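Read top to bottom, the protein sequences are chains A, B and C.
Position one of the first sequence corresponds to residue 1 (the numbering used here), numbered consecutively onward.
Position one of the second sequence corresponds to residue 1001 (the numbering used here), numbered consecutively onward.
Position one of the third sequence corresponds to residue 2001 (the numbering used here), numbered consecutively onward.
Treat the hints with care, since some could be wrong.
[As the list claims (entries may be wrong)] Straight-line Cα separation of at most 30 Å, DSS-like style, residue types lysine-lysine; simulated pairs:
(1) B:K1307 x C:K2200
(2) A:K32 x C:K2181
(3) C:K2500 x C:K2555
(4) A:K74 x C:K2207
(5) C:K2475 x C:K2256
(6) B:K1191 x B:K1307
(7) C:K2207 x B:K1307
Calculated directly from the structure, the hints in this document are not laboratory data.
Keep in mind that this is a model prediction, so the values were computed, not measured.
Residue-level listing of the chains:
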Amino acid sequence: MAKAYTPGLLVTRHKKHRIMRRLPIAGDVQVKVDDMVKADDTVAETNLPGDVHPVNLANTMSLPAADVVACMLKSEGDSIALDEPLAQSKGMFGMFRTIVHSRFEGTVETVSPVTGQVIIRGAPLPVQVRAYMSGRVVGVTEHEGCEIEADVAYAQGIFGVGGETQGCIRVATVAHDQELTADLITEDMAGCVIVGGARMTVESIRRAMEVKAAAIISGGIDDQDLKELLGYDLGVAITGRESLGITVIVTEGFGEISMADRTYAMLREFEGREASVNGATQIRAGVMRPEIIVPLDAAPSASSDAKFEEGQLETGRMLRVIRDPWFGMIGEVSGLPAEPHVLGSGSKARVLEVTFPSGEKAIVPRANVELIEE
Amino acid sequence: MTRALAVLLMLLCCTPVVVHAQAVTLVGPSDVVAEDVPDDVGQQITVKWNLSPQDRAQASGARPVNGYAIYRKVVQTAEGLESGAETAAGPGELAFADDFDYEANQPVGTVPYSVNQFLDENVDDGVTYMYAVASTGPGGTYSPLSVADMPVTARMEYINEGKLWFLIIMMIISVVIVFFVFYAKHGGTIKVRPIAGLEAVSEAVGRATEMGKPVLFVPGILDINDIQTVAGITVLANVARTAAQYDAQLKVPTARSLVMTTARETVQAAYLGEGRPDAYNEDNIYYLTDEQFGYTAGVQGVMVREKPAACFYMGAFYAESLILAETANSIGAIQVAGTAMPSQLPFFVAACDYTLIGEEFFAASAYLSNDPEQLGSLKGQDLGKIIAAFLLVLGCLLATLAAVLPNAKPLRIADLYITNNVLGEDGLVPDSEKIANLDLLMERDQDAQPAIDEGAN
Amino acid sequence: MTNLDPDTIKVILATDCGSTTTKAILIQYVDGEYRQTHRGEAPTTVEKPFADVTMGVVNSVTEIAELAGRRLVGDDGRIICPATGTEGCDIYISTSSAGGGLQMMVAGVIAEMTAASAKRAALGAGSIVMDVIAANDGRRPHDQIQRIRDLRPDMILISGGTDGGTTDKVVQISELVAPAKPQPRFGSDYSMPIIYAGNKDAREPVKDVFSDEGFDLQIVDNLRPVLERENLGPARDKIHDIFLEHVMAQAPGYDKLMGWTGAPIMPTPGAVGDILQTVAKLQEINVVGVDIGGATTDVFSVFDETFNRTVSANLGMSYSISNVCAEATMPNVLRWVPFDMNERELRNHVKNKMIRPTTIPQTREALMFEQAVAREALRLAYKQHKEFATTLKGVQQQRTVGDTFSQQTSGQTIVDNMTLDLLVASGGVLSHAPRMHQTAMLLIDAFEPEGVTMLAKDSIFMMPHLGVLASVHPKAAEQVFDRDCLVYLGTCVAAKGMPKAGKSCFSWELSGDRAASGTINGGDLQLVELGEEETATITLSPARGIDLGEGPGKKVQRSVRGGTVGLILDGRGRPLALPEDRAACQSTVQGWLDSLDVYAEESEAVAV
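Chain A extracted, bound-state conformation (with noise of 0.2 Å):
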């Protein structure tokens, strides 16, 4: 085995990019194939049932819940207002009689003879599924949804919290390895998509919620102030549902690590532009890593040659190390032997030579590496 497939990151100049927007259940699709959708457009609608309101009558009138029926002065499918009367007792000689008032406001689902419970369902709550990506609808998928279709420049993170958004690309630091602190976050980057250098502080997060950002991205944070955040340890990586606020992005991982140069150098390039964010991670089968899209106009002309095969091993190739002791150097690939290695740790496990920019050598388990796509 010559060759050996070691995922990394996509960050791409130009890319394809399709979306499926789909609704959490069957509604009305609001485009048609060929539409040209903007961000913030509404592409599909519909009313997700309300809550559910049990009320138990059989015990509030003392009844026997067979009973219930008979007293209901509302039917099944019957809307209901706030305090009205939803059931009377028959009381004794037609005096006495107890009337109840609804609590809830809805419409009565069912009246349950069995356990003398009705449920009253409370007014639908209308959801709106947006295009999130500016493009061209290429399918449409009736009650569901649609897919959307753009060319877009694509940078992937490696991980995030909050969910989907959209702003203007504002690069806040000067160089990819220039800490992103809170002096470096203006007043005008209300809106704006920020980028930053190696490590977010909580304080620069903070300020841009301050004013009002639509995502903060950069290399690196710390986990203690992630977790300062958050409010709490995060434990699963499973993020996106997370109300912020504003969406935060790493590129590179935890600690003081600075942004690859190429995303850096992208994301500078596409400075004032419209990108549509997620932070939305999932590290599970079905991985799922916080995006970058910057939709481009047009294709351009001719993507980069690809010197090497995707996502394959080689010699020459550039690559960073994703563990300690040499957690996020990047360097060039300088060898590949065959047989397995012993680590320090006792383990054996294949690995490579890596050749740093300063000239040191270093064995790395292959595991432990992850390509930069060129």
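Assemble chains B and C onto chain A, guided by the hints.
Below, chains B and C without anything else, positioned relative to chain A:
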């Protein structure tokens, strides 16, 4: 024979007349001393004296001295000399008038013969008194006054030194309770031993829910003024909360109307607290009868008809305990009982699944509420119990050792100290007199020892 | 499915289709006993672009065929079965956990009673229980409905009520599930299978509730007919049936694979449970098995023939490593590390491992830290298991006056480390540790076995295959399990109690294949050589208050089996207590590691 008897009778009748006629001058008591009673609020003075030499029965059986009269006069008021009030005898004048009129001056008290002290409980704090004692004889005769050699002032002491140990122990327990309350309030954990009977509440109610059967709660047969009923209601609140969560039916038949009202309030509050006010049904908490066995029969009827899957007995029970527990056992219910009635506990333990015994029953509210104040005081009380148990064991040990080793003086002193000082009223410092007595006692024991040994042989 | 006479089975082919790799093994009848002879591996091909599980199966089987020199795959691309002379196999069996395994939601009336029984049934069948809905789970009905909506289980198991017990609560639970209209994971044209295993009186009303389209209601016997007894069999079998008919049928290629197998395809964890049960039954021992993965940790136990399985969903070594550190807390993890580490850097390392789960520790320090995390993950998973594996709750107690001061609630754990005979480890961090000593030490520190306990690891994760085989040929499964599946690490003899440091804890004497004797002091750990095929009789005389299996201070005699590590004598006491002070803790732990030679100075190479 008849004549002889008549003469004797006459003689007997005449004897006192003869004595009176003799007009013997009575001799007064000697060494009269008045002392302020220590460790009181300043309203007591003890007067002591040596008995009059005439205080003994004569051969004829007659007593020249048949009692003592105690007199006092105010020497100085608490307000000082300026006011001049109540200084009948004039400042500094300590002596009683030579021509003291026994009839005009009411004694502050009289005591019969052979008694050599008097406790005057009618004095005022801070007033100085002079005391005098006279022997009284038959027919209103008095001896001359024996005046105390020193005046005495009644004083209030702020600390009863005799009960200093009591104070110390109380302080320790209070400090410990306060400490634990603070400790618990500031997030400290106080571990209460799991009480199986209370842990089982959710299980019992769960069983009832799964089986679709009601939960029966019997709060005892006494009224709400009984502390056990109150404790039972505390547990009821917990059972009701669980029943509300599980949506189980809770039935509470009561033997007292007031208990019914309290139970209704409690259960309703519990259902409200759990956000299930609609699940509360007032009719399930009802009054049966005040009659002990009428009530028992009623509850039994409910058991047999409705077959509850869980039965709780929490409160004061008498003869009905086993009747109820056996009936519920026969219908296969999980039973949890709690009472402080020692005579009923064995029945409950044998017939029920879980039983809260005495203290556990009262600790339930602290256990259930997890309220720091209650937990802290529970812990503090436990420490008090430990101290009491420790003293008990120590005392028993010392008394036993002192009996086995009569020569070990330190042991006997320690024993004496615990009995008289720690548990008694002798204060912090051991009473030297009692220790001196101990020496005597030991000598006597030593003398007696060989005799016993011989006797044993 | 064919009904084969076990005696005629001589060649057995088994595969396990995992989410990433498909592993095949060949078992042959050699010299009067069954042995695992060859194995092969290939990537699983459930996902696109292949979308046919049989491709991976054929690839792995072809690898075996080449190694064994026996043609197993025919020209038509099918596995040759039955065998003819030098070709094919007598039976082909398979398990599967591809596509995330079997995911279920269960519901019951009371969380600790029928819902717990339902969970036990589902876990025992090898599924992942996504959530348990119960009347007393503390959630409002609309929250429960929302939750049911959010989940996309493969099937739902509803129980509740004893036979003749509550009807309305069961109907209420059903009334929560029905309007929520949960969507199955695969395909919208497939109706959600619902198994009802509750009160038999409530069957009709439950049928009414689920009469709508989109549900496929199946009714089986109540899994808790009375509170005193569980009847999990029918529900479990039904889960397996539905797993095959509905869930597997949706996964690409499985319809084909099902046609090939000679026994129903089982979910992988269910098969692991089966083999452990079979072994426990045949050898009359108590077994605990653990499988620690990247995301989850499965614990299986068989005590007195009662089987329990738990899945600790967020305790794992890569995806969930950060959660382990959060749940166990950093100081608890670091107590196992005998040197200082910068906590801020460590926290970043942990998170980096979480977002890049495939990396492996390169330095010894990193390995030691990772194994420290593994100890805590296993400890927490075992704790959860103990809390779940209990006697039944809600059962009436029989008492005498003698119980006055010793009343115990029902629902006590049935896991008893003192009666545990065999502890089996599997999962990357345990079976791929550079030295077996590390695996043994991890097991002892995390599980704290008491008395005499044998330690073993599953060499190549063969237990799933043997689990299915056990349903066809239990004897063959047991033989292979004992001879080839397990790598015996050795036996641990551990003292229960609080021995005083430096004072004698117990003295021991070994006779048999190896003779030796000595004394273990409190706080000491000692390794005595006892080779893989060696057995010996050990006589133990514990100090006062120390229990080695026969009660405090009582003499114990047991036969012990050696292994790649040997006989480990543990005088540290139970529960295991580490010094609070960081420096003291470090030197104590270093002492333990040294005495067992856990991290050899000159790391000798051990194949991964």
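Given pair status - C:K2181, A:K32, alpha carbons within 30 Å
29 Å, holds
Can you confirm whether the C-alpha distance between B:K1191 and B:K1307 stays at or below 30 Å?
37 Å, violated
Hinted pair, alpha-carbon criterion (30 Å max): C:K2500, C:K2555. Please report holds or violated.
19 Å, holds
Hey, B:K1307 versus C:K2200, does the alpha-carbon distance stay inside 30 Å?
20 Å, holds
Take the C-alpha atoms of C:K2207 and B:K1307, compute the straight-line distance between them, and say whether it is at most 30 Å.
With a Cα-Cα distance of about 28 Å, the restraint between C:K2207 and B:K1307 holds, given a limit of 30 Å.
Taking only the CA atoms, is the gap from C:K2475 to C:K2256 under or equal to 30 Å?
The hint holds at about 29 Å.
Hint consistency between A:K74 and C:K2207 [alpha-carbon to alpha-carbon, up to 30 Å]:
25 Å, holds
Hint compliance for this structure: hint 6 alone is broken.
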